[in-house]
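Colleague: Turn these sequences into a full structure, and let the hints steer you where they fit.
The primary structure of each chain is shown beneath.
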Amino acid sequence: DQQVKQNSPSLSVQEGRISILNCDYTNSMFDYFLWYKKYPAEGPTFLISISSIKDKNEDGRFTVFLNKSAKHLSLHIVPSQPGDSAVYFCAASAGLAGGGADGLTFGKGTHLIIQP
Amino acid sequence: DTAVSQTPKYLVTQMGNDKSIKCEQNLGHDTMYWYKQDSKKFLKIMFSYNNKELIINETVPNRFSPKSPDKAHLNLHINSLELGDSAVYFCASSQMGRSGELFFGEGSRLTVL
Numbered sequence: 001d002q003q004v005k006q007n008s009p010s011l012s013v014q015e016g017r018i019s020i021l022n023c024d025y026t027n028s029m030f031d032y033f034l035w036y037k038k039y040p041a042e043g044p045t046f047l048i049s050i051s052s053i054k055d056k057n058e059d060g061r062f063t064v065f066l067n068k069s070a071k072h073l074s075l076h077i078v079p080s081q082p083g084d085s086a087v088y089f090c091a092a093s094a095g096l097a098g099g100g101a102d103g104l105t106f107g108k109g110t111h112l113i114i115q116p
Numbered sequence: 001d002t003a004v005s006q007t008p009k010y011l012v013t014q015m016g017n018d019k020s021i022k023c024e025q026n027l028g029h030d031t032m033y034w035y036k037q038d039s040k041k042f043l044k045i046m047f048s049y050n051n052k053e054l055i056i057n058e059t060v061p062n063r064f065s066p067k068s069p070d071k072a073h074l075n076l077h078i079n080s081l082e083l084g085d086s087a088v089y090f091c092a093s094s095q096m097g098r099s100g101e102l103f104f105g106e107g108s109r110l111t112v113l
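Going down the list, the sequences are from chains A and B.
Here the first sequence stands for residues 1 to 116, where the numbers follow the numbering used here.
Here the second sequence stands for residues 1 to 113, where the numbers follow the numbering used here.
Hints in this document: simulated from the structure, not taken from any laboratory.
Positions of the beta carbon are idealized from the N, C-alpha and C atoms, including for glycine.
Hints may contain errors.
[To be verified] Residues on chain B that point at chain A, a partial pick, calculated with CB under 7 Å:
#	residue
1	F42
2	E101
3	F104
4	G107
Modeller: Next up, the structure:
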C-alpha cells in the first residue's frame with residue numbers, strides 16, 4: 001500500500017524551462033513533506049521541505065507547493081539546468097512535533113532528465 | 001570528509017551466509033536509520049536508533065539485526081542471507097526535532113547469489 005505516490009517514473013524537460021514533479025499522498029496524518037534528490041551511486045540528499053501549515057516554500061530555483069485538501073504536492077524547478085538531472089524522491093512524515101525519529105515514507109521517485 | 005559513511009559499498013555473497021554492513025556518521029546526530037531500496041526502487045525504512053534505543057522496527061525478518069555500539073555508529077547484521085535480500089541498503093542520520101531531514105550514506109549494494 002503506497003502512502004506516497006509519484007506516478008511519473010520519468011520526466012524530460014528542456015534546459016531553461018520549468019520542471020514540475022508531482023507527488024500524492026494518502027495518509028492524512030502526514031504533516032511534513034520533503035523532496036530528496038539522488039544521483040546514481042550516491043545516497044539521496046535533502047533538497048527542500050514544507051510543513052503542513054504552509055502551502056508554499058521557496059529556496060532559490062526550487063519551490064514546493066502543498067495542497068492539503070487534494071493531498072498533493074509538487075516541486076517546481078525553474079530554470080532547469082543539466083545538473084538537475086537526477087531521481088527526485090518525495091517523502092512524508094507524520095507527527096514530527098516530537099522530533100524526526102519516525103523516519104520517512106518515500107515515493108518511488110521520478111527520474112528527471114534535462115535536455116540541453 | 002564524508003558525513004555518513006557505510007562499508008562495504010558492494011557486497012556479493014552466497015545464500016545462507018551471514019554478513020554485516022557498517023555505518024558511521026560524524027554529524028553529531030542522535031538518530032540513525034537503515035533503509036532498504038528494493039528492485040522496485042522503493043526506499044523503505046527498516047530500523048532507527050535514538051540514543052542506543054530502537055525506536056522503529058518495521059516488519060523486517062528477525063534475520064536482520066541492527067547493532068549500535070555508540071551514537072555515531074549503526075551497523076546492520078544479516079543472518080542466513082536469502083535471494084530476496086538483494087537490494088541497496090542506505091544508512092541515514094538525523095537530529096531529533098529537525099523535522100525529518102535525513103542525511104544518507106552512499107548506499108551498500110548487496111547481491112545474494
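Colleague: Given F42(B) was flagged as interface, is its beta-carbon under 7 Å from a beta-carbon of chain A?
Modeller: Hint on F42(B): holds, closest Cβ of chain A at ~6 Å, below 7 Å.
Colleague: Please verify that hint: E101(B), Cβ, nearest Cβ of chain A, below 7 Å or not.
Modeller: holds (5 Å)
Colleague: Once the shortest beta carbon distance from G107(B) to chain A is found, is it less than 7 Å?
Modeller: holds (6 Å)
Colleague: Does F104(B) meet its interface restraint, that is, does its C-beta lie within less than 7 Å of any C-beta in chain A?
Modeller: holds (3 Å)
Every hint from the earlier list agrees with this structure, and none is contradicted.
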